[in-house]
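Since the structure of chain V is already known, use the hints to place chain D on it.
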Amino acid sequence: MAYSVNSPAGKVVQDILNDLPGLMAVAVVDATSGMSLASHSNTPSINPDTAAAYNTEVVKQKQKAMTALKLSNEVIEDILITLTTQIHLLKLASNGSKFIYLVVSSRDTNLAIARDVLRANAEQLN
Amino acid sequence: MGTSAAAHKNDKDQLRNEKLNFKITIPDEIELTTGKVEKILKSALAHLPNLTAVAIVSVATGTCLAQYSRLRSFNPAVAASYNAEIVRQKKQAIAALSMRGERLEDILIPLRKQLHLIRLAKNSQWFVYLVVKAQDTSLAVAREVLKAISA
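Protein chains in written order, with our numbering: chain V, -12 to 113; chain D, 273 to 423.
Any given hint could turn out to be false.
Straight-line distance between alpha carbons at most 25 Å, and here's what the computed PhoX-like set of lysine-lysine pairs gives [unchecked claim]: (1) D/394 - D/308; (2) V/47 - D/385; (3) D/311 - D/405; (4) D/394 - D/295; (5) D/405 - V/47; (6) D/311 - D/295; (7) V/51 - D/363; (8) V/51 - D/405; (9) D/385 - V/57; (10) D/314 - D/295.
No wet-lab data here; the hints were simulated from the structure.
This is chain V alone, in the form it adopts within the complex (with noise of 0.2 Å):
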């Protein structure tokens, strides 16, 4: 467990964790360093620390693309990215500090199912 649930990121990992009991890898992550303020993970394979410095690239790419495209009154909602058997989602925090990351199976819960914990779980991030 490496998280304490007296700081903010850390009652979202142990709130997403609440709701998704079969999530395989969570974690509250710094946009701008890419390292995690807490993370959980119930996959021995899956380092959401590791996972999550890779992230904050394809976060900051989009936020570039964005910038490029003159997208400027446009947001990040959420990044959804789909595997042979996993669904990888990164939700961001309204200001664009902070992302929650999460691994959940395609086989035990569905976009749609795993979207909506995250937007009901980001908005206490800022």
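Only chain D this time, still in chain V's reference frame:
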């Protein structure tokens, strides 16, 4: 009802009459035919007549192999290289986590007013990049269409 059906028919007619001459350039190292590219772009336009932009992009170089945009201000070629970088980063993440048997299928990025969708080809050499307006098309429909046309 009647008017919207008529409007829809008009849209389709206009689409048929529109000159769909796509500029397609495929490098030798990518396994893809111009016929297939044309088919993807045309079926995207047939299924989603209101789409903002659609492009086919090389993963390795980030160059746009073919593109279509309804908005003069929106150039998918500009976004192509960034989106290719997103795909490469995500593939690196999968590799770093040594997830065996996992393949990147699609990446969906809902913005406030637009939906950006990326779907990788089976050979992972190219992807289809689709942009639609969130008010016209739902994420589920856009995703299903993209899945069907890029298969």
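- Message: Can you confirm whether the C-alpha distance between residue 394 of chain D and residue 295 of chain D stays at or below 25 Å?
- Response: holds, 23 Å
- Message: Need the status of pair residue 51 of chain V, residue 363 of chain D: alpha-carbon distance at most 25 Å?
- Response: Measuring from Cα to Cα gives roughly 19 Å; hence the hint holds.
- Item | Holds or violated: residue 47 of chain V to residue 385 of chain D, with C-alpha atoms at most 25 Å apart | holds, 19 Å
- Is the hinted pair residue 394 of chain D and residue 308 of chain D satisfied, with a Cα-Cα distance of at most 25 Å? holds, 14 Å
- Message: What's the verdict on residue 385 of chain D and residue 57 of chain V, does the C-alpha distance respect the 25 Å limit or exceed it?
- Response: holds, 14 Å
- Would the pair residue 314 of chain D and residue 295 of chain D pass a check requiring their Cα atoms to be no farther apart than 25 Å? holds, 13 Å
- Item | Straight-line alpha-carbon gap residue 311 of chain D to residue 405 of chain D, limit 25 Å | Holds, because 22 Å separates the two Cα atoms, which is no more than 25 Å.
- Task: Mind checking the alpha carbons of residue 405 of chain D and residue 47 of chain V for me, to see if they're no more than 25 Å apart?
- Result: Measuring from Cα to Cα gives roughly 22 Å; hence the hint holds.
- Has the given pair, residue 51 of chain V with residue 405 of chain D, been kept, meaning a C-alpha gap of at most 25 Å? Given pair residue 51 of chain V, residue 405 of chain D holds - Cα atoms ~20 Å apart, limit 25 Å.
- Quick one, are residue 311 of chain D and residue 295 of chain D close enough, alpha carbons at most 25 Å? This hinted pair holds, its Cα atoms lying about 13 Å apart.
Violation of the numbered hints given earlier is absent; every hint is satisfied by the structure.
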